[in-house]
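Colleague: As a plain string of letters, each chain reads:
Number of protein chains: 2
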Amino acid sequence: MFFEGPEKKIEIALAPGQPSLRARGIDYWKEIVAKSRAQILSSVSNEHLDAHLLSESSLFVADQWLTMITCGRTDLVAAVLQLCADLGPGQFQYLIYERKNAQHQEYQPSNFFDDARRLSEAMPGKSFRFGDGDDHHVFLFHLDKPYAPAADDVTLEILMHGIDPQAARVFMSGPQRKKEFIREKSGVWTLLGPGFQVDDHLFEPMGYSLNAIRGVRYYTVHVTPQKIGSYVSFETNCVEDDVDETISRVLDLFKPQSCDVVLFQPQGARRKVRCRYPIKRAVRQSLACGYRVSFDHHFKPVEGAAPAFEIVL
Amino acid sequence: MFFEGPEKKIEIALAPGQPSLRARGIDYWKEIVAKSRAQILSSVSNEHLDAHLLSESSLFVADQWLTMITCGRTDLVAAVLQLCADLGPGQFQYLIYERKNAQHQEYQPSNFFDDARRLSEAMPGKSFRFGDGDDHHVFLFHLDKPYAPAADDVTLEILMHGIDPQAARVFMSGPQRKKEFIREKSGVWTLLGPGFQVDDHLFEPMGYSLNAIRGVRYYTVHVTPQKIGSYVSFETNCVEDDVDETISRVLDLFKPQSCDVVLFQPQGARRKVRCRYPIKRAVRQSLACGYRVSFDHHFKPVEGAAPAFEIVL
Numbered sequence: 001m002f003f004e005g006p007e008k009k010i011e012i013a014l015a016p017g018q019p020s021l022r023a024r025g026i027d028y029w030k031e032i033v034a035k036s037r038a039q040i041l042s043s044v045s046n047e048h049l050d051a052h053l054l055s056e057s058s059l060f061v062a063d064q065w066l067t068m069i070t071c072g073r074t075d076l077v078a079a080v081l082q083l084c085a086d087l088g089p090g091q092f093q094y095l096i097y098e099r100k101n102a103q104h105q106e107y108q109p110s111n112f113f114d115d116a117r118r119l120s121e122a123m124p125g126k127s128f129r130f131g132d133g134d135d136h137h138v139f140l141f142h143l144d145k146p147y148a149p150a151a152d153d154v155t156l157e158i159l160m161h162g163i164d165p166q167a168a169r170v171f172m173s174g175p176q177r178k179k180e181f182i183r184e185k186s187g188v189w190t191l192l193g194p195g196f197q198v199d200d201h202l203f204e205p206m207g208y209s210l211n212a213i214r215g216v217r218y219y220t221v222h223v224t225p226q227k228i229g230s231y232v233s234f235e236t237n238c239v240e241d242d243v244d245e246t247i248s249r250v251l252d253l254f255k256p257q258s259c260d261v262v263l264f265q266p267q268g269a270r271r272k273v274r275c276r277y278p279i280k281r282a283v284r285q286s287l288a289c290g291y292r293v294s295f296d297h298h299f300k301p302v303e304g305a306a307p308a309f310e311i312v313l
Numbered sequence: 001m002f003f004e005g006p007e008k009k010i011e012i013a014l015a016p017g018q019p020s021l022r023a024r025g026i027d028y029w030k031e032i033v034a035k036s037r038a039q040i041l042s043s044v045s046n047e048h049l050d051a052h053l054l055s056e057s058s059l060f061v062a063d064q065w066l067t068m069i070t071c072g073r074t075d076l077v078a079a080v081l082q083l084c085a086d087l088g089p090g091q092f093q094y095l096i097y098e099r100k101n102a103q104h105q106e107y108q109p110s111n112f113f114d115d116a117r118r119l120s121e122a123m124p125g126k127s128f129r130f131g132d133g134d135d136h137h138v139f140l141f142h143l144d145k146p147y148a149p150a151a152d153d154v155t156l157e158i159l160m161h162g163i164d165p166q167a168a169r170v171f172m173s174g175p176q177r178k179k180e181f182i183r184e185k186s187g188v189w190t191l192l193g194p195g196f197q198v199d200d201h202l203f204e205p206m207g208y209s210l211n212a213i214r215g216v217r218y219y220t221v222h223v224t225p226q227k228i229g230s231y232v233s234f235e236t237n238c239v240e241d242d243v244d245e246t247i248s249r250v251l252d253l254f255k256p257q258s259c260d261v262v263l264f265q266p267q268g269a270r271r272k273v274r275c276r277y278p279i280k281r282a283v284r285q286s287l288a289c290g291y292r293v294s295f296d297h298h299f300k301p302v303e304g305a306a307p308a309f310e311i312v313l
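Chains as they are written, first to last, in my numbering: chain A, 1 to 313; chain B, 1 to 313.
The reader is advised that the hints may include incorrect statements.
Since copy identity is lost for identical chains, a pair holds within one copy or between any two.
[Unchecked claim] Calculated lysine-lysine pairs in the DSS-like style (CA-CA distance at most 27 Å, straight line):
no., residue 1, residue 2
1, Lys185, Lys272
2, Lys300, Lys255
3, Lys272, Lys300
4, Lys272, Lys255
5, Lys227, Lys178
Please keep in mind that the hints were generated in silico from the structure rather than gathered at the bench.
Let the hints inform the model, and build the full structure from the sequences given.
Modeller: Right under this line is the structure:
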């Protein structure tokens, strides 16, 4: 059974003086998540952040901002529109909706153009495609409103397709595969900085999700190890001067056939991203909402030719 | 309005001793083409081959074989199933159905898996994917029956995405744009060998198709110059020892952002394909129906980074 790992993501920051998002309580967030057709499986909290593991990816809620990521056949925009209705769209200072190109768009309830039209009915926005239309790309819709991200507001995404079969095997479920086994064997926990509180989940029959938080910083990793359509996403807002090393360590673990590296940073910052895989496409765009976004599509070079993949119907 | 240039293709060879396909006459082929949701626009013939230009691509009919290519939102498999019903599937010695990954699969009436299931109900077959599932690829279904292609039965496809805007402009329609203009300015006619009979069509508001035949040899070129989703396919069975030069000349004309080069040749032949663009993936597969198929995905290297593409809803 095919599972669509590539995600949709929303980031929202409230306008100054709005009531806390966290204070709305878990039942409210359960309803919002349900709107997207997902469920909250478990949660961890610290003094700044609630991190919810979802049946399809993750939700992080702070007092003044949230990040929600969903995969599979979810409808993240429905959750956003519910938030708009509840909070009033004028209460957002910043909103960005990002969507990775799907492997099987025909199994999705909507495409990006549908999504952007629905969002546009609720707020003024601009839409972009980063990357070639016939190749890996991410779509992005943002609320067209000035915003000034803090100097340390940097988010790194590493979106990986075609996971090394041996690396993927660790994430398959079964009687021998416990969370402890993954923690020990997968190496994912070695990617986290010190002092992070972790919540992880092993899906049946396969798949793995991890949230980790420390203060306002988070890591989130989602592994779709399926033989067909294998995919891993790694995302963090804990970006120091070690971006290149982080990318390198993530690629060492998953050895993907290809990866897209996406970096959001405040305009004016000129953090560079390097990856040891060869590059096929690079896109740089400053957005009217204060971020500069980079998208790089990389691929693993192969020696010689491979046989075709036989499809069993 | 988005137009899906990437094609579906069928090749059929009759078992020995079957009545001529050409002898079925133009009205029969009009019906078959209509089954796929396309129409015959014009036709040219020689003593071996009828070449029909379609509203969506091309149909070549010889006495004992045919090649049909359709793009857009056509349903080529419906035409194949009609042929099966009319001729009896046992009368095919060889059948191959090929489908390029679509840019907007969600707008298609079926995906390859649907197609292969429908074909499998009519005949025993095998299915393959050439290229990564998350990247450029072609799917292929073939009738699982021994076949021995002639030594000179070689077919070259060059499937190009992201056409150079200046090259694409020549194919836009309008009051100044006549077929003569295209013939003179596009350079497409310089790709044809000497002595080919040509039939071409300029679509409104844009787009261009060309069939050219000489004996049993054909060229077929289809240009989707649209700014969003620009695409050109070039295909020929007129493959001498100049494959590399042909590829080079085709790329010179269209300067695409990426291209897939597909070559069918008899097993045992070991014709190599070279392309001056860097290569991302190479696939080689010998099929139980007697062909060896190569698929190479190439891309145009870019200097530095590009801005994001702004989407106007």
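Colleague: Evaluate each hint against the coordinates.
Modeller: These are the hints, each one checked on the structure:
Proximity of Lys185 and Lys272 under a CA criterion of 27 Å is satisfied in neither setting, with 31 Å inside one chain copy and 43 Å between copies. Proximity of Lys300 and Lys255 under a CA criterion of 27 Å is satisfied in both settings, with 8 Å inside one chain copy and 24 Å between copies. For the homomeric pair Lys272 and Lys300, the shortest alpha-carbon distances inside one copy (20 Å) and between copies (23 Å) are both at most 27 Å. Taking identical chains as interchangeable, the C-alpha atoms of Lys272 and Lys255 lie at most 27 Å apart only when both belong to the same chain, with a minimum of 22 Å there against 29 Å between chains.
For a Cα distance limit of 27 Å, the shortest separation of Lys227 from Lys178 inside one copy, 20 Å, qualifies, whereas the shortest one across copies, 51 Å, does not.
Violation of the numbered hints given earlier is confined to hint 1; every other hint is satisfied by the structure.
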